[in-house]
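Protein chains: 4
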Amino acid sequence: MSNTNQIPTSRIEAFSDGVIAIIITVMVFDLKLQEIPTDKTIWKELIKIAPKFISYAISFLTLAIMWVNHHQLFHQIKHTDRKLLWYSIHLLFWMSIVPFGTNFIGANPLLWQASFFYGIIFFMSALSFTMLRNYVIQTNLLHESINKQAHIKIRNKNRIALSIYLLAAFLSLVSVYISFALFLVVPTMYFIPEKITHLEK
Amino acid sequence: MSNTNQIPTSRIEAFSDGVIAIIITVMVFDLKLQEIPTDKTIWKELIKIAPKFISYAISFLTLAIMWVNHHQLFHQIKHTDRKLLWYSIHLLFWMSIVPFGTNFIGANPLLWQASFFYGIIFFMSALSFTMLRNYVIQTNLLHESINKQAHIKIRNKNRIALSIYLLAAFLSLVSVYISFALFLVVPTMYFIPEKITHLEK
Amino acid sequence: MSNTNQIPTSRIEAFSDGVIAIIITVMVFDLKLQEIPTDKTIWKELIKIAPKFISYAISFLTLAIMWVNHHQLFHQIKHTDRKLLWYSIHLLFWMSIVPFGTNFIGANPLLWQASFFYGIIFFMSALSFTMLRNYVIQTNLLHESINKQAHIKIRNKNRIALSIYLLAAFLSLVSVYISFALFLVVPTMYFIPEKITHLEK
Amino acid sequence: MSNTNQIPTSRIEAFSDGVIAIIITVMVFDLKLQEIPTDKTIWKELIKIAPKFISYAISFLTLAIMWVNHHQLFHQIKHTDRKLLWYSIHLLFWMSIVPFGTNFIGANPLLWQASFFYGIIFFMSALSFTMLRNYVIQTNLLHESINKQAHIKIRNKNRIALSIYLLAAFLSLVSVYISFALFLVVPTMYFIPEKITHLEK
Numbered sequence: 339m340s341n342t343n344q345i346p347t348s349r350i351e352a353f354s355d356g357v358i359a360i361i362i363t364v365m366v367f368d369l370k371l372q373e374i375p376t377d378k379t380i381w382k383e384l385i386k387i388a389p390k391f392i393s394y395a396i397s398f399l400t401l402a403i404m405w406v407n408h409h410q411l412f413h414q415i416k417h418t419d420r421k422l423l424w425y426s427i428h429l430l431f432w433m434s435i436v437p438f439g440t441n442f443i444g445a446n447p448l449l450w451q452a453s454f455f456y457g458i459i460f461f462m463s464a465l466s467f468t469m470l471r472n473y474v475i476q477t478n479l480l481h482e483s484i485n486k487q488a489h490i491k492i493r494n495k496n497r498i499a500l501s502i503y504l505l506a507a508f509l510s511l512v513s514v515y516i517s518f519a520l521f522l523v524v525p526t527m528y529f530i531p532e533k534i535t536h537l538e539k
Numbered sequence: 339m340s341n342t343n344q345i346p347t348s349r350i351e352a353f354s355d356g357v358i359a360i361i362i363t364v365m366v367f368d369l370k371l372q373e374i375p376t377d378k379t380i381w382k383e384l385i386k387i388a389p390k391f392i393s394y395a396i397s398f399l400t401l402a403i404m405w406v407n408h409h410q411l412f413h414q415i416k417h418t419d420r421k422l423l424w425y426s427i428h429l430l431f432w433m434s435i436v437p438f439g440t441n442f443i444g445a446n447p448l449l450w451q452a453s454f455f456y457g458i459i460f461f462m463s464a465l466s467f468t469m470l471r472n473y474v475i476q477t478n479l480l481h482e483s484i485n486k487q488a489h490i491k492i493r494n495k496n497r498i499a500l501s502i503y504l505l506a507a508f509l510s511l512v513s514v515y516i517s518f519a520l521f522l523v524v525p526t527m528y529f530i531p532e533k534i535t536h537l538e539k
Numbered sequence: 339m340s341n342t343n344q345i346p347t348s349r350i351e352a353f354s355d356g357v358i359a360i361i362i363t364v365m366v367f368d369l370k371l372q373e374i375p376t377d378k379t380i381w382k383e384l385i386k387i388a389p390k391f392i393s394y395a396i397s398f399l400t401l402a403i404m405w406v407n408h409h410q411l412f413h414q415i416k417h418t419d420r421k422l423l424w425y426s427i428h429l430l431f432w433m434s435i436v437p438f439g440t441n442f443i444g445a446n447p448l449l450w451q452a453s454f455f456y457g458i459i460f461f462m463s464a465l466s467f468t469m470l471r472n473y474v475i476q477t478n479l480l481h482e483s484i485n486k487q488a489h490i491k492i493r494n495k496n497r498i499a500l501s502i503y504l505l506a507a508f509l510s511l512v513s514v515y516i517s518f519a520l521f522l523v524v525p526t527m528y529f530i531p532e533k534i535t536h537l538e539k
Numbered sequence: 339m340s341n342t343n344q345i346p347t348s349r350i351e352a353f354s355d356g357v358i359a360i361i362i363t364v365m366v367f368d369l370k371l372q373e374i375p376t377d378k379t380i381w382k383e384l385i386k387i388a389p390k391f392i393s394y395a396i397s398f399l400t401l402a403i404m405w406v407n408h409h410q411l412f413h414q415i416k417h418t419d420r421k422l423l424w425y426s427i428h429l430l431f432w433m434s435i436v437p438f439g440t441n442f443i444g445a446n447p448l449l450w451q452a453s454f455f456y457g458i459i460f461f462m463s464a465l466s467f468t469m470l471r472n473y474v475i476q477t478n479l480l481h482e483s484i485n486k487q488a489h490i491k492i493r494n495k496n497r498i499a500l501s502i503y504l505l506a507a508f509l510s511l512v513s514v515y516i517s518f519a520l521f522l523v524v525p526t527m528y529f530i531p532e533k534i535t536h537l538e539k
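Line order of the protein sequences matches chains A, B, C and D. Basically this note's numbering = 1-based index in the first sequence + 338. Basically this note's numbering = 1-based index in the second sequence + 338. Basically this note's numbering = 1-based index in the third sequence + 338. Basically this note's numbering = 1-based index in the fourth sequence + 338.
Among these hints, one or two may not hold up.
Since the list can't tell identical chains apart, any single copy or any two copies may satisfy a pair.
Under the rule of at most 25 Å between Cα atoms (straight-line distance), these lysine-lysine pairs were calculated in the PhoX-like manner [claimed, not checked]: (1) K416 to K495; (2) K386 to K370; (3) K491 to K416; (4) K491 to K421.
Treat the hints as calculated values from the structure; they're not laboratory data.
Using the sequences and the accompanying hints, generate a full structural model.
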């Protein structure tokens, strides 16, 4: 098994793409009108699934950010090893729980437990991504030309995201609306600084 | 992140293929007989799911056209960048809502709201595709050998498609049958002119 | 669009793999015990889903044969063009209906209509595969080294399969058990002659 | 068909990745609260789905181990042939039944039949993997540089896993808790020795 270290990253990328594509897409199948509506009840039914649509959109966006970061990270990795496979699978496990959280909060938006679990699932996903990134940096799996400093900067951003998700989970006990706001903060955080980086170049 | 601009398009193509493959396929799981039929009730049950079958076929065809165009566009793109990833994800988001619209119109073909949302979802999908194409043309991500004029021609065809979908959405208030006809016009439009192009060569 | 003809087959292969992987796999989610069983009712519940399991296995096998043939055919194709994409999508459309037929016959094995539609769906899938193969042979998309004679031989085998599926569909009116037997003949036909070919070498 | 033997493994790897990604992910859609909970009933509902979550996690882990081994094995295979395709499809068939077993044991953790089928399904999956590995070793499909001895070592580990799954299936008649323990032994077995291998280097 001495040549295990030279395995290219192509297959773990393809497998991750497959898993993330399924997670991100199949959630939409919860978006269904449960009663057969008539012309009179249709708007009431549509309003009833509005929270499901919003939670779908937030989960889609959050998972898409993870995919973009995964894409960027793996583009910079020289080759894979057995441990990297397992760090990736660990990440995919927590990402695969997102549809459960999305369904839970979409069906019961005002229950604090829904926001709590939704926050915890995102926290665990972000944590396993940070663990994956740390492993890659520590074991020198990055291409030599890659600026490690940039990755440490991203890691710091990850840590803020982690804190926000944990905060969102526990502040659901105070008010679920605080949690909702915090779930939107992380995607915003990932979009805005990128713009600044582009300006700096 | 200076080498971000040299990322090949292979992974965004693979991810898009995965997402589109799931969207296009999993819709078929709504095609189920809801009651356990007997020899007497079976035809009544089958006729009941006929609108679901028709809406599945139209959605399959429309999504397939988008995939073919996506395939053709990305074949001509030199490399990807972060913004192109997000234009693609934006397109995939709207395409991922298609199964909701398909289920809605398949279960309630005569409700104008179903045709309205079906039209709006296709409009948003086509709009996000046009935005993706515009970005690619404007930022010179196309291979040098590619005729930009051809893309501008396609963009004009896209604009007609956009108008038809918007028209289909709002004319559902007059009659859903007008909307049904318009949902079939766009696929026809994409098939017939292609033939003419082939003859011109 | 003059370089459209030089598009490699990699992406249509990847997309087909994705669609077929979903079709072949997601059917298993109909294999569910509908009532929560107790120690006493469990065997009755398990026997009730036995036809679903058998229809799943037959569909899995038939789709797997199609995938193997698709794999082999595309390995021998030089490059793709727009028409080949559409012949492939046409094939995928009919293959995507297989889960509907599988669910139908699994839930109502003794209704002749179930066997009828199951047969028709397989007939249409096999027909669209034959159309794809014919197009490839006629337009010289095959690598020069490939023996066209071998493909014509396979086409003849396809024609027998087509006749069997059509026969299975219509003989369901006489007895569904004749149809069941015929559904098993085609996979057997594809396995046994292959062995003979291997012996001939 | 003389060049069939030179077919690269890329497409069977991609197809397997697709199928395994779907199997491993879509199971999560059984993780749903069945009743709409209130603030009072929510914990009772969450506890009710705890066995589903545990069985999901075990299945995810077991399938992930199989994927890692599949990844490693195929990385070392020179090229594919028709028989290798069918050994792979045989493996995928049994892996595709795992969601049925997971749903069964998650919904009825204390029924011995659930543990019995769960064990049998894992046994058949492991058996078909061993058959695939044996075929690869016997027909010299491995790269010359690969140590066959290492594969024979792994095969022995596979045989222990096979015995454990068979034991787990039949000991469910004595106590399902013995089966639960045994389902956890195999993943542990695959993780711990790997660590020792790493230390030996």
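Hints, one by one, checked against the model:
no., hint, verdict
1, K416 to K495, "within (24 Å within a copy, 31 Å between copies)"
2, K386 to K370, "both (10 Å within a copy, 18 Å between copies)"
3, K491 to K416, "within (20 Å within a copy, 29 Å between copies)"
4, K491 to K421, "both (24 Å within a copy, 20 Å between copies)"
The structure agrees with every numbered hint stated previously.
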